[in-house]
Each structure stands twice: as C-alpha cells, then as structure tokens.
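Which chain is which? The protein sequence lines are U and C, in order.
Sequential numbering from 5 applies to the first sequence in this note's numbering.
Sequential numbering from 360 applies to the second sequence in this note's numbering.
Be aware that one or more of the hints could be misleading.
Computed list of chain U residues with no C-beta within reach of chain C, every gap over 10 Å [claimed, not checked]:
no., residue
1, Leu97
2, Trp109
3, Val116
4, Trp175
Here are the simulated distance ranges between beta carbons [unchecked claim]:
no., chain 1, residue 1, chain 2, residue 2, range
5, U, Thr13, C, Gly381, 11 to 21 Å
6, U, Val163, C, Trp388, 44 to 54 Å
7, U, Arg176, C, Gly381, 36 to 46 Å
8, C, Leu387, U, Pro40, 18 to 28 Å
9, U, Gln180, C, Leu387, 15 to 25 Å
10, U, Phe37, C, Leu380, 24 to 34 Å
11, C, Trp388, U, Glu148, 23 to 33 Å
12, U, Thr181, C, Arg391, 15 to 25 Å
13, C, Arg391, U, Gln45, 18 to 28 Å
Everything labelled a hint here was simulated from the structure, so no lab data went into it.
Since the model is a prediction, treat every value here as computed from it, not as a measurement.
We treat Cβ as the ideally placed atom computed from N, Cα and C, and that holds for glycine.
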Amino acid sequence: MNHAAKKKTLDNLSLGLLLAGFAVFAVGQYLAFTAPPDVQQGYLIRILYVHVGAAWVAYLAFFVAMIYAVLYLWKQNPAYDRLSAASAEIGLLFMGLTLIGGMMWARPTWGVYWTWEPKLTTSAILTAFYVGYFLLRHAIEDPEFRAKAAAAAAILGVVNIPINYMSVYWWRSIHQTATFDIINRKVHMDFPMVQAMMVNLLAITLLYVAFLRIKGIIAARAAAREDWDE
Amino acid sequence: MNSSLGIFVTAVYASTYAVLLGYTAYLLWRLREVEGED
Numbered sequence: 005m006n007h008a009a010k011k012k013t014l015d016n017l018s019l020g021l022l023l024a025g026f027a028v029f030a031v032g033q034y035l036a037f038t039a040p041p042d043v044q045q046g047y048l049i050r051i052l053y054v055h056v057g058a059a060w061v062a063y064l065a066f067f068v069a070m071i072y073a074v075l076y077l078w079k080q081n082p083a084y085d086r087l088s089a090a091s092a093e094i095g096l097l098f099m100g101l102t103l104i105g106g107m108m109w110a111r112p113t114w115g116v117y118w119t120w121e122p123k124l125t126t127s128a129i130l131t132a133f134y135v136g137y138f139l140l141r142h143a144i145e146d147p148e149f150r151a152k153a154a155a156a157a158a159i160l161g162v163v164n165i166p167i168n169y170m171s172v173y174w175w176r177s178i179h180q181t182a183t184f185d186i187i188n189r190k191v192h193m194d195f196p197m198v199q200a201m202m203v204n205l206l207a208i209t210l211l212y213v214a215f216l217r218i219k220g221i222i223a224a225r226a227a228a229r230e231d232w233d234e
Numbered sequence: 360m361n362s363s364l365g366i367f368v369t370a371v372y373a374s375t376y377a378v379l380l381g382y383t384a385y386l387l388w389r390l391r392e393v394e395g396e397d
C-alpha cells in the first residue's frame, strides 16, 4: 500500500475547519474589543465573550461524547469509542477554560475567585466527573471492557449538563442567570454585545469540530498501529 | 479601562489563545507522530 498517498498529515476538510475557526475567531476578537462597555460590568464584560462560548462548547462536547457512547454500545464499533473519548477530552479542555474565565470574572465582581454557590459547585462536579472519566479509561486495560465502562460513564455524565445550566434558576444565588436565557427566550444584552458573543461562539464551535475531527484521525491511526503491532 | 480590571480580561484572553493555539499545535504534532509510526 502506498502509505505516503494514504496518510496525508492534515486532510483538506480538517485544515479548512481549522482555518475557518481561527478566521471567525479573529473577527470575534475584533468585535469583542470594539463592543461598548456594559452599564454595570464595564469592560469586564469582555470576559463573557469567550467564557460563554467555552461553556457552550464544553456542554456540546460532553453531549457529543454521550451520542458516540450510545452509538458504541449499539454498534460495537471501536471508532465510536475513540470519538467519544476525543469529544470528552476537548470538552474537559473547554471546561477548564470556562472555569478560568469564570474565576477571572468572579474576582473583581464578587471579590473572590471561587465560592461554593450552586453554579460553581455544579461546574466543579461536572469537571471532576470527566476527570474521573479519563481516570477510568486509564485504569482498565481490556479495550472492550474499557470502552463499555467509558460509554456508561459518558452517558451518566451528561446528566450534569442540565443541572449545571438550570442551577441559576433552581437555586437563585450570586451567579447571574444565563446570557442566552432559553427558558424565558430572552437575551440580556444589546446587539453589538450579542454579535461579539455569537461570532466568538461560532468560532469556538468550528474549532471544536476541527479538533474532534483531527483527534479522531489521530486515535484511528494510533489504533491501527496497535493492531499492526499485535 | 480600569487597569486592575484589565489584568483579569488580559488573563482570560491570554489563556484562551494559549489553549486554542497550544491544543492545535499539540494535535498537529500528534498527527505527524502517528503518521511517522506507519
């Protein structure tokens, strides 16, 4: 087989998604830094333009990990297990970014980097759950058992997402309600701010898709290599 | 912008750029590595 022809380092679709993601992100950054200050938060609102996008992609990535986990249990195809793990890894990465953004926003707003109020507590649980997901994957050597256990964990983990999202409504505390309030169908921002947030959200989503695709390719090649070695 | 607030905004944007560019670089490095293993 002609390996040089088969294994191109980065395929055109992945490259296109990456470039599109970074191009839209550059536009999003311009809009974020030219949007007017918030009447209460001032320029601190700029943190939310990336914080909300990162949180959305973390939710999305964990949800996609659950979808691939279900597909794995249904079809027993190891490719779905690899994609589930890839999506969970990216979700954890963006969850980390969400926590950093939230803490940097909380310090000047609330006076502390962290407090155990419902939104932050459920975010910590969500993050800890997916750290546990990877500890579980590393603890099991048998690939089939590992994939099944990880699929069960990925399905269970997604339960945390609506709890985390709804925590600001169920237990009213110091965290502000959702910027995009899908419960009451309201957006608590003016147009230039919404525009900055949506463009950044789109950019981060495109980058997530690119990351997932590339990570999936890497995992597939690594698995093929392992099969070849055995 | 108040300079003390600017530090927090800068920290968030610096972390975001570091994560996005760093993870892209990591993926490209891993992609090249698994390619080399074939």
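> Of the numbered hints stated previously, which ones are contradicted by the structure, given in increasing order?
Replying inline: 1, 2, 6, 8, 9, 10, 12 and 13
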